[in-house]
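Peer 1: As a plain string of letters, each chain reads:
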Amino acid sequence: MSVHIDCDVVVVGSGAGGGPAASELARAGLDVVVLEMGDKHDPKTFTQREEDMFPRLFQDAASRTTADRSIQVLQGKGVGGSTVHNLNLCKRVDDELLDVWEREHGLPGLRMALAPHYAVVEQRIEVSEVPWDRVTRNNRLLRVGAEALGWKHGPLKHNRKGCIGSGFCELGCAYDAKMNSARVFLPDAELHGARVLPGHRVTRVTTALGRATGVVGEGPTGEFSVRARGVVLSASATGSSAIVLASGLPDPWRQAGRGLHLHPGATVGGVFPDPVDGWKGIPQSWECTEFLHPTDPDRRVWLVPVFGHPVGVGSMLPGIGASATKRMASFRHIAAMTPMLHDTSVGRIEATRDARPIIQYQSNEADLRMMAKGMMGAARILLAAGATEVLIPTSRPRIITAHDQAKALANVALGPLDPPLAAVHPMGGLCMGGDPKRSSCDATGLYHQLPNLWVADGSLFPTSTGVPPQLSIYAFGHLVGQAAAAALENK
Amino acid sequence: MNRRTFLFGALGAGALTAIGAVPFALVDEDAVLLAAIDAIFPPLEGMPTGAEVDAAAAFRRYIANLPTRTRFEARGLLRAIEVGAAATTGSRFTVLDRDGRTVFLEGLLDGVFPQRLLANGLKQVCAVAYWQHPRTWTALAYDGPLVGRSAP
Ligand SMILES: Cc1cc2nc3c(=O)[nH]c(=O)nc-3n(C[C@H](O)[C@H](O)[C@H](O)COP(=O)(O)OP(=O)(O)OC[C@H]3O[C@@H](n4cnc5c(N)ncnc54)[C@H](O)[C@@H]3O)c2cc1C
Ligand code: SF4
Numbered sequence: 000m001s002v003h004i005d006c007d008v009v010v011v012g013s014g015a016g017g018g019p020a021a022s023e024l025a026r027a028g029l030d031v032v033v034l035e036m037g038d039k040h041d042p043k044t045f046t047q048r049e050e051d052m053f054p055r056l057f058q059d060a061a062s063r064t065t066a067d068r069s070i071q072v073l074q075g076k077g078v079g080g081s082t083v084h085n086l087n088l089c090k091r092v093d094d095e096l097l098d099v100w101e102r103e104h105g106l107p108g109l110r111m112a113l114a115p116h117y118a119v120v121e122q123r124i125e126v127s128e129v130p131w132d133r134v135t136r137n138n139r140l141l142r143v144g145a146e147a148l149g150w151k152h153g154p155l156k157h158n159r160k161g162c163i164g165s166g167f168c169e170l171g172c173a174y175d176a177k178m179n180s181a182r183v184f185l186p187d188a189e190l191h192g193a194r195v196l197p198g199h200r201v202t203r204v205t206t207a208l209g210r211a212t213g214v215v216g217e218g219p220t221g222e223f224s225v226r227a228r229g230v231v232l233s234a235s236a237t238g239s240s241a242i243v244l245a246s247g248l249p250d251p252w253r254q255a256g257r258g259l260h261l262h263p264g265a266t267v268g269g270v271f272p273d274p275v276d277g278w279k280g281i282p283q284s285w286e287c288t289e290f291l292h293p294t295d296p297d298r299r300v301w302l303v304p305v306f307g308h309p310v311g312v313g314s315m316l317p318g319i320g321a322s323a324t325k326r327m328a329s330f331r332h333i334a335a336m337t338p339m340l341h342d343t344s345v346g347r348i349e350a351t352r353d354a355r356p357i358i359q360y361q362s363n364e365a366d367l368r369m370m371a372k373g374m375m376g377a378a379r380i381l382l383a384a385g386a387t388e389v390l391i392p393t394s395r396p397r398i399i400t401a402h403d404q405a406k407a408l409a410n411v412a413l414g415p416l417d418p419p420l421a422a423v424h425p426m427g428g429l430c431m432g433g434d435p436k437r438s439s440c441d442a443t444g445l446y447h448q449l450p451n452l453w454v455a456d457g458s459l460f461p462t463s464t465g466v467p468p469q470l471s472i473y474a475f476g477h478l479v480g481q482a483a484a485a486a487l488e489n490k
Numbered sequence: 000m001n002r003r004t005f006l007f008g009a010l011g012a013g014a015l016t017a018i019g020a021v022p023f024a025l026v027d028e029d030a031v032l033l034a035a036i037d038a039i040f041p042p043l044e045g046m047p048t049g050a051e052v053d054a055a056a057a058f059r060r061y062i063a064n065l066p067t068r069t070r071f072e073a074r075g076l077l078r079a080i081e082v083g084a085a086a087t088t089g090s091r092f093t094v095l096d097r098d099g100r101t102v103f104l105e106g107l108l109d110g111v112f113p114q115r116l117l118a119n120g121l122k123q124v125c126a127v128a129y130w131q132h133p134r135t136w137t138a139l140a141y142d143g144p145l146v147g148r149s150a151p
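Heads up: the protein sequence lines correspond to chains C and R, in order.
Under numbering that gives the first Met the number 0, the first residue of the first sequence is numbered 0, with each subsequent residue one higher.
Under numbering that gives the first Met the number 0, the first residue of the second sequence is numbered 0, with each subsequent residue one higher.
Where hints are given, some of them may not hold.
[Claimed, not checked] Between beta-carbon pairs, the in silico distance windows are:
#1 24/R <-> 212/C: 47 to 57 Å
#2 111/C <-> 56/R: 52 to 62 Å
#3 147/R <-> 122/C: 30 to 40 Å
#4 111/R <-> 402/C: 51 to 61 Å
#5 122/C <-> 68/R: 38 to 48 Å
#6 398/C <-> 56/R: 47 to 57 Å
#7 125/C <-> 97/R: 51 to 61 Å
#8 220/C <-> 60/R: 34 to 44 Å
#9 50/R <-> 407/C: 38 to 48 Å
#10 148/R <-> 295/C: 40 to 50 Å
#11 106/R <-> 163/C: 23 to 33 Å
[Unchecked claim] List time: in silico SDA-like cross-link candidates among lysine to any residue, alpha-carbon distance up to 20 Å:
#12 325/C <-> 41/R
#13 160/C <-> 146/R
#14 279/C <-> 43/R
#15 279/C <-> 148/R
#16 151/C <-> 325/C
#17 279/C <-> 139/R
#18 43/C <-> 147/R
#19 43/C <-> 26/C
#20 325/C <-> 146/R
#21 43/C <-> 145/R
#22 156/C <-> 132/C
#23 160/C <-> 125/C
#24 90/C <-> 115/C
#25 436/C <-> 250/C
#26 325/C <-> 145/R
#27 279/C <-> 161/C
#28 406/C <-> 368/C
#29 279/C <-> 144/R
#30 279/C <-> 30/R
#31 151/C <-> 298/C
#32 43/C <-> 144/R
#33 325/C <-> 148/R
#34 325/C <-> 134/R
#35 325/C <-> 147/R
#36 160/C <-> 197/C
#37 156/C <-> 142/R
#38 279/C <-> 136/R
#39 156/C <-> 187/C
#40 279/C <-> 145/R
By construction, these hints were calculated from the structure, which means they are not laboratory data.
No residue lacks a Cβ here, since even glycine has one placed at the ideal position from N, Cα and C.
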């Protein structure tokens with residue numbers, strides 16, 4: 000059965016970008032429809048089982064990868080998008096990097112323009128520092144190790160309220176303690192009249208006479224079409240590009256899909272004499288920034304604790320055979336860290352005809368060298384914190400017990416799947432910029448080639464952010480929502 | 000370079016090298032999965048085997064949620080391992096003893112990219128099929144979901 004909907008503006012996707020964009024558009028009095036391909040989640044039904052929650056919360060049941068299968072790319076689906084299962088860290092993009100975006104990407108005034116939106120979303124999602132009594136042993140070990148080495152480290156901020164420290168964040172919060180898009184922005188949009196429709200996957204933006212006229216796609220009961228005066232794409236850094244490409248939207252300089260970054264990360268584990276119980280409590284609350292700088296090409300790796308549950312840890316720990324089972328048996332005693340790259344490798348999104356993303360991305364030499372440096376850093380922190388052995392996930396696993404061995408890691412040559420990498424921060428694809436020959440959107444998210452199509456999600460970033468992106472995506476969602484509302488109200 | 004070129008290439012290489020050894024279509028996927036779990040995560044004393052936690056059923060539940068092509072690849076992966084072992088060691092994967100299977104898989108992990116792809120994919124599949132079961136958690140002292148229990 001074919002369904003037709005009319006509205007002022009249709010928002011495609013309901014995550015960190017779509018939520019605030021929809022909320023601002025609805026607050027402006029516009030008739031807003033939010034189309035979300037995944038389901039509406041009820042936190043009370045979250046089971047904290049990987050087997051159940053991966054298919055419910057993640058795109059492709061968490062099996063999404065780059066096209067060559069070398070990097071796992073985790074992204075969310077469902078009302079709230081990736082903010083339902085993310086780890087709630089909140090960091091602004093550093094001013095120095097925003098200055099680079101202004102200077103080198105033709106975005107003058109961006110930093111000043113963005114500041115009030117950061118302030119509003121920080122207040123609405125209640126960003127605060129993770130209190131010390133909630134900093135888990137896994138995180139405290141990072142602090143101990145970094146302190147012993149004299150490396151830069153510090154506490155992290157998050158957006159949780161009513162958190163009981165269960166530690167199951169990546170499987171969705173059964174206690175609804177995340178101040179995310181699903182809890183904060185979408186209910187606000189609905190309060191102001193927006194309709195949020197789960198189970199609606201957009202396959203194409205429709206156009207006529209040089210304007211977007213709406214979208215079409217597949218819904219719970221068959222095909223649907225939406226006619227709207229404005230279209231906002233918030234289907235994530237992979238999904239929005241895929242829709243633009245599959246729709247064949249005007250793109251004379253073939254910019255759509257370009258400029259993809261992933262922040263790939265590896266997992267380095269350390270075995271400790273005493274229990275760490277890494278899966279308990281708030282997963283990430285402390286960081287080491289010794290090797291991270293927003294613009295220094297030689298310092299592009301962030302060190303942060305990581306852990307998971309048995310399936311995740313079983314696939315993360317290096318090696319196979321009796322040694323692999325023995326390591327799993329020391330589950331309680333393992334602390335783990337991820338070196339996450341502020342990547343300069345540039346990938347691109349391609350699309351199937353029905354707007355499913357194909358992620359083309361390969362790490363460049365500089366990034367592989369930086370990853371080796373990051374594994375060195377993680378290994379040294381773990382050793383300095385008292386690990387008896389450190390597990391390096393190269394394809395032939397390395398077991399490190401001394402700092403000299405750890406230092407040598409910085410010179411190890413790495414390659415695809417050596418080590419296996421995972422990425423949770425895709426960004427870029429429909430990048431902002433002043434020059435339509437080198438970018439897809441302007442500083443308000445407006446697609447250069449159509450006067451009433453906006454992008455409000457992680458696609459906009461012209462480089463890697465080097466910090467977790469959700470806060471900036473919320474802020475841009477808010478900014479783009481207001482800009483689109485102003486443009487549509489004036490029509 | 001895209002997903003098809005790589006994984007299908009890797010699967011194809013496994014299948015082609017196995018012509019005349021084991022017909023790709025006749026591989027018993029459940030048997031390969033259980034043999035792989037036994038080699039990748041050999042149970043320590045007191046730990047259940049893959050069969051005891053019905054890992055094959057968990058694998059089927061898992062792949063039922065995958066996109067069609069990925070599901071096809073996951074099943075093809077098991078088949079490629081069986082025929083690939085036959086082609087390179089002279090014995091099917093499921094016929095090799097545990098040491099033989101481990102050596103074969105370590106060779107893949109140490110090999111060229113498509114071989115690493117197969118071995119890593121297999122490890123992921125085994126982790127999903129095995130460690131999801133609560134009976135495997137006892138040995139880890141992992142206390143499982145907290146829902147329904149009091150806050151920590
Ligand atoms: C495990 C994990 C942990 C993370 N932890 C953090 C963290 O601690 N801090 C941080 O800053 N970031 C974190 N992130 C990243 C952060 O969650 C994302 O960067 C952010 O949510 C992206 O926002 P977005 O709006 O671009 O996309 P999303 O939030 O992914 O939302 C996009 C939505 O669009 C929908 N969609 C896609 N295609 C279509 C279509 N064709 N039709 C309709 N709907 C569609 C999707 O289903 C999805 O719901 C984490 C991510 C993961 C996976
Ligand atoms: S740690 Fe807090 S936010 Fe995360 S799942 Fe548990 S209660 Fe929810």
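Peer 1: Does each hint fit the structure? Answer for all of them.
Peer 2: We went through each hint and held it up to the structure:
The beta-carbon spacing between residue 24/R and residue 212/C, approximately 49 Å, falls within the hinted interval of 47 to 57 Å. The supplied range of 52 to 62 Å is met by residue 111/C and residue 56/R, whose beta-carbon atoms lie about 58 Å from each other. Distance hint for residue 147/R and residue 122/C: a CB-CB separation of about 34 Å, consistent with the stated range 30 to 40 Å. A hinted range of 51 to 61 Å is violated for the C-beta pair residue 111/R and residue 402/C, which are about 33 Å apart.
The hinted window of 38 to 48 Å between residue 122/C and residue 68/R holds, with their beta carbons roughly 44 Å apart. Remark: the range hint 47 to 57 Å for residue 398/C to residue 56/R is contradicted by a beta-carbon distance near 35 Å. Checked against the hint of 51 to 61 Å, the pair residue 125/C and residue 97/R passes, with Cβ atoms roughly 53 Å apart. Separated by about 27 Å at the C-beta atoms, residue 220/C and residue 60/R break the suggested range of 34 to 44 Å.
The hinted range of 38 to 48 Å is satisfied by residue 50/R and residue 407/C, whose Cβ atoms lie roughly 42 Å apart. The given range of 40 to 50 Å is respected by residue 148/R and residue 295/C, whose C-beta atoms sit roughly 46 Å from each other. Range check, residue 106/R to residue 163/C: Cβ separation about 47 Å, and the 23 to 33 Å hint is violated. A C-alpha spacing of about 9 Å is found between residue 325/C and residue 41/R, which places the hinted pair at or below 20 Å, so the restraint holds.
For the hint linking residue 160/C to residue 146/R, the alpha-carbon distance of about 18 Å falls within 20 Å, and the restraint holds. At most 20 Å may separate the alpha-carbon atoms for a hinted pair to count; residue 279/C and residue 43/R exceed this at roughly 25 Å. Annotation: proposed proximity of residue 279/C to residue 148/R holds, straight-line Cα distance about 14 Å (limit 20 Å). Restraint check: the Cα-Cα separation between residue 151/C and residue 325/C comes to about 33 Å, which exceeds 20 Å; the hinted pair is violated.
In summary, the hint linking residue 279/C to residue 139/R is supported, as the alpha carbons are separated by about 14 Å, within the 20 Å threshold. Straight-line distance between C-alpha atoms of residue 43/C and residue 147/R comes to about 10 Å, which keeps the hinted pair within the 20 Å bound. Pair hint residue 43/C plus residue 26/C does not hold up; C-alpha atoms about 29 Å apart against a cutoff of 20 Å. For the given pair, residue 325/C sits about 28 Å from residue 146/R by alpha-carbon distance, which is inconsistent with the 20 Å threshold.
Under the criterion of a C-alpha separation no larger than 20 Å, the hint pairing residue 43/C with residue 145/R is consistent with the structure, at around 12 Å. Distance check on the hinted pair: residue 156/C and residue 132/C sit about 14 Å apart at the alpha-carbon level, within 20 Å; holds. Between residue 160/C and residue 125/C, the direct Cα distance comes to roughly 8 Å. Compliance with the 20 Å bound is thereby established for this hinted pair. Of the supplied pair hints, the one linking residue 90/C and residue 115/C holds, its CA atoms being roughly 15 Å apart against a limit of 20 Å.
Distance hint between residue 436/C and residue 250/C is fulfilled; the C-alpha atoms sit about 9 Å from each other, no more than 20 Å. About 25 Å separates the Cα atoms of residue 325/C and residue 145/R, which puts this hinted pair outside 20 Å; it is violated. For a cut-off of 20 Å, the pair hint linking residue 279/C to residue 161/C stands: about 16 Å separates their Cα positions. For the suggested pair residue 406/C and residue 368/C, the alpha carbons sit about 13 Å apart, so the restraint of at most 20 Å is met.
Annotation: proposed proximity of residue 279/C to residue 144/R holds, straight-line Cα distance about 11 Å (limit 20 Å). For the suggested pair residue 279/C and residue 30/R, the alpha carbons sit about 35 Å apart, so the restraint of at most 20 Å is broken. For the given pair, residue 151/C sits about 12 Å from residue 298/C by alpha-carbon distance, which is consistent with the 20 Å threshold. Using a Cα cut-off of 20 Å, the hinted pair residue 43/C and residue 144/R holds, with the two alpha carbons roughly 13 Å apart.
Distance check on the hinted pair: residue 325/C and residue 148/R sit about 29 Å apart at the alpha-carbon level, beyond 20 Å; violated. Our distance criterion of 20 Å between C-alpha atoms is met by residue 325/C and residue 134/R, whose separation comes to about 16 Å. With a C-alpha separation of about 30 Å, the suggested pairing of residue 325/C with residue 147/R is violated against the 20 Å cut-off. Distance hint between residue 160/C and residue 197/C is unfulfilled; the C-alpha atoms sit about 25 Å from each other, more than 20 Å.
At roughly 28 Å between alpha-carbon atoms, residue 156/C and residue 142/R are farther apart than 20 Å, so this suggested pair is violated. Note on residue 279/C and residue 136/R: the hinted pairing holds, with a Cα-Cα distance of about 15 Å set against a maximum of 20 Å. The straight-line distance between the Cα atoms of residue 156/C and residue 187/C is roughly 23 Å, outside the 20 Å bound, and the hint therefore fails. Restraint check: the Cα-Cα separation between residue 279/C and residue 145/R comes to about 10 Å, which is no more than 20 Å; the hinted pair holds.
Of the numbered hints stated above, those contradicted by the structure are hints 4, 6, 8, 11, 14, 16, 19, 20, 26, 30, 33, 35, 36, 37 and 39, listed in ascending order.
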